[in-house]
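**Student:** Listed here are the chains, written in short residue letters.
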Amino acid sequence: MKRFVILFLAISLAINVFSQQKFESEVRIQRMEVPDIAVNLVDSMLPGTKIRWYKEAGYSKSSFEAKTKYNAKKVSIEFSEQGIFEDMEIGIKPKEIPVNSLKRISELLADTHGRFSIEKVQVQYSGDPHAVLNHFLHEKTGKDIVKKFELVISTKMDGSYVLFEYLFDENGTFLGKSVIVLKMTDNIEY
Amino acid sequence: MKIHSIRSLILLFLPSVCFAQSSSELGILPTININKKLQSDWSGNFKTESRQSLIKDDFRYDYLLTDLSITAAKKIGINSSIAAGYLLSLDKKGLRNRAIQQLTLLKRYPDFILAHRFSADQTFQKDTQTEWRFRYRISAEFPLSGQSVDPKEFFLKFSSEYLNSLQGKEYDLEIRSAGFIGYVITPKNKLELGLDYRIDSFIAKNPRNRFWIGMNFYQSI
Numbered sequence: 001m002k003r004f005v006i007l008f009l010a011i012s013l014a015i016n017v018f019s020q021q022k023f024e025s026e027v028r029i030q031r032m033e034v035p036d037i038a039v040n041l042v043d044s045m046l047p048g049t050k051i052r053w054y055k056e057a058g059y060s061k062s063s064f065e066a067k068t069k070y071n072a073k074k075v076s077i078e079f080s081e082q083g084i085f086e087d088m089e090i091g092i093k094p095k096e097i098p099v100n101s102l103k104r105i106s107e108l109l110a111d112t113h114g115r116f117s118i119e120k121v122q123v124q125y126s127g128d129p130h131a132v133l134n135h136f137l138h139e140k141t142g143k144d145i146v147k148k149f150e151l152v153i154s155t156k157m158d159g160s161y162v163l164f165e166y167l168f169d170e171n172g173t174f175l176g177k178s179v180i181v182l183k184m185t186d187n188i189e190y
Numbered sequence: 191m192k193i194h195s196i197r198s199l200i201l202l203f204l205p206s207v208c209f210a211q212s213s214s215e216l217g218i219l220p221t222i223n224i225n226k227k228l229q230s231d232w233s234g235n236f237k238t239e240s241r242q243s244l245i246k247d248d249f250r251y252d253y254l255l256t257d258l259s260i261t262a263a264k265k266i267g268i269n270s271s272i273a274a275g276y277l278l279s280l281d282k283k284g285l286r287n288r289a290i291q292q293l294t295l296l297k298r299y300p301d302f303i304l305a306h307r308f309s310a311d312q313t314f315q316k317d318t319q320t321e322w323r324f325r326y327r328i329s330a331e332f333p334l335s336g337q338s339v340d341p342k343e344f345f346l347k348f349s350s351e352y353l354n355s356l357q358g359k360e361y362d363l364e365i366r367s368a369g370f371i372g373y374v375i376t377p378k379n380k381l382e383l384g385l386d387y388r389i390d391s392f393i394a395k396n397p398r399n400r401f402w403i404g405m406n407f408y409q410s411i
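Going line by line, the protein sequences match chains A and B. Per the numbering used here: the first sequence = residues 1 to 190. Per the numbering used here: the second sequence = residues 191 to 411.
Mixed in with the good hints there might be a few duds.
To be verified - List of simulated lysine-lysine pairs, BS3-like, C-alpha gap at most 30 Å:
#1 Lys226/B / Lys156/A
#2 Lys148/A / Lys74/A
#3 Lys103/A / Lys120/A
#4 Lys177/A / Lys378/B
#5 Lys227/B / Lys177/A
#6 Lys61/A / Lys237/B
#7 Lys74/A / Lys93/A
#8 Lys237/B / Lys183/A
#9 Lys342/B / Lys50/A
#10 Lys283/B / Lys227/B
#11 Lys183/A / Lys378/B
#12 Lys93/A / Lys73/A
Said to hold, decoys possible - Coverage of chain B stretches by chain A, computed from C-beta distances (three or more under 8 Å per stretch; other residues unrestricted):
#13 226-232
#14 236-250
#15 397-410
Unchecked claim - Non-contacting residues of chain B with respect to chain A, defined by C-beta distances greater than 12 Å in every case (computed):
#16 Ser213
#17 Ser214
#18 Phe302
#19 Tyr361
Please keep in mind that the hints were generated in silico from the structure rather than gathered at the bench. Heads up, the beta-carbon is just placed ideally off N, CA and C, and yes, glycines get one too.
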């Protein structure tokens with residue numbers, strides 16, 4: 001019985017560690033391979049913009065993603081496998097996060113990791129797709145929009161450098177984090 | 191955008207080639223590279239490379255050398271590492287020993303990865319003056335599907351390297367350019383096939399052009 005409990009705990013721990021890692025692979029696809037509902041929404045959001053479509057597969061789910069540049073900013077719009085809008089992410093600079101939110105985020109990261117470096121920041125909008133569209137194109141805020149910040153940071157953990165992806169709400173409240181699995185680069189290093 | 195980036199990099203990596211009164215050689219250069227990740231961002235790398243000539247003026251097989259190297263590397267940042275190693279080169283003339291030091295900086299762009307490698311090495315051989323080399327290599331890896339190189343996917347790799355060599359009072363510059371098509375078999379191993387072009391001796395003598403068909407296997411353990 002004791003062995004069974006230890007084995008169960010070990011498997012649970014392994015599954016838990018696995019679920020906290022972020023590993024995504026994506027493949028470039030044609031727009032005809034994407035559900036119409038997603039294509040139509042993107043076309044209405046970004047008319048006349050060159051869109052690149054990807055199918056993304058993670059550990060637990062797969063999704064469609066439209067990527068483009070708009071007003072010199074990187075924009076990606078994610079949809080479920082059925083073509084349902086999930087969120088829109090826009091690349092921003094850390095200083096574009098509201099001061100109070102950035103202060104809370106920085107304090108939490110400093111308390112957790114000590115020294116860290118912000119590698120990438122994205123603002124993420126989810127909720128009603130038309131409200132997100134209005135906000136994106138006309139900067140109209142609405143109740144139906146959920147705004148979050150996604151930060152990729154590099155830091156040291158147990159003597160090794162790691163990349164973390166953090167998610168915060170618009171006030172800088174911690175929502176979640178995952179370790180980013182770095183891909184093999186031996187062939188361009190040696 | 192990606193095609194434009196690839197085109198620009200090919201032009202950057204392609205050195206000017208001078209064939210006037212030059213010698214040319216074609217051969218094969220298979221390489222096996224094994225990398226072992228250790229604790230606290232240390233890693234060990236073992237590499238073996240065999241150089242064999244197939245054509246030099248006319249078709250003639252000639253075994254040239256085998257290199258065996260071992261390197262210890264330490265990450266000094268999320269995208270940077272320093273390394274020191276030792277290389278043993280076996281050819282018809284005998285053994286050559288080489289000490290290697292290098293600094294590698296990676297830059298991860300949304301569509302490709304760029305690596306800058308700054309390295310120095312010193313080659314010691316019996317009855318020969320020590321050769322000092324100072325090298326810089328720029329390499330880029332482009333996924334052929336998606337935005338990153340994932341398992342079961344092909345990729346392109348381009349590199350260009352500039353080797354400054356000093357032996358006694360003799361200075362030479364060698365330029366290397368390579369283009370490979372690669373395949374990620376699993377997250378821990380990659381296979382590459384391509385052409386590695388090298389030109390040297392063009393400063394003081396007639397240029398020597400060498401083309402190597404490269405076959406590289408990388409295994410992470």
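**Student:** For each hint, tell me whether it holds in the structure or not.
**Tutor:** To see whether the hints hold, each was checked on the structure:
{"no.": "1", "hint": "Lys226/B / Lys156/A", "result": "holds (20 Å)"}
{"no.": "2", "hint": "Lys148/A / Lys74/A", "result": "holds (16 Å)"}
{"no.": "3", "hint": "Lys103/A / Lys120/A", "result": "holds (17 Å)"}
{"no.": "4", "hint": "Lys177/A / Lys378/B", "result": "holds (25 Å)"}
{"no.": "5", "hint": "Lys227/B / Lys177/A", "result": "holds (24 Å)"}
{"no.": "6", "hint": "Lys61/A / Lys237/B", "result": "violated (38 Å)"}
{"no.": "7", "hint": "Lys74/A / Lys93/A", "result": "holds (11 Å)"}
{"no.": "8", "hint": "Lys237/B / Lys183/A", "result": "holds (20 Å)"}
{"no.": "9", "hint": "Lys342/B / Lys50/A", "result": "holds (28 Å)"}
{"no.": "10", "hint": "Lys283/B / Lys227/B", "result": "violated (35 Å)"}
{"no.": "11", "hint": "Lys183/A / Lys378/B", "result": "holds (9 Å)"}
{"no.": "12", "hint": "Lys93/A / Lys73/A", "result": "holds (10 Å)"}
{"no.": "13", "hint": "226-232", "result": "holds (count 3)"}
{"no.": "14", "hint": "236-250", "result": "violated (count 1)"}
{"no.": "15", "hint": "397-410", "result": "holds (count 3)"}
{"no.": "16", "hint": "Ser213", "result": "holds (29 Å)"}
{"no.": "17", "hint": "Ser214", "result": "holds (27 Å)"}
{"no.": "18", "hint": "Phe302", "result": "violated (10 Å)"}
{"no.": "19", "hint": "Tyr361", "result": "holds (26 Å)"}
Hints 6, 10, 14, 18, counting from the list given before, are not met by this structure.
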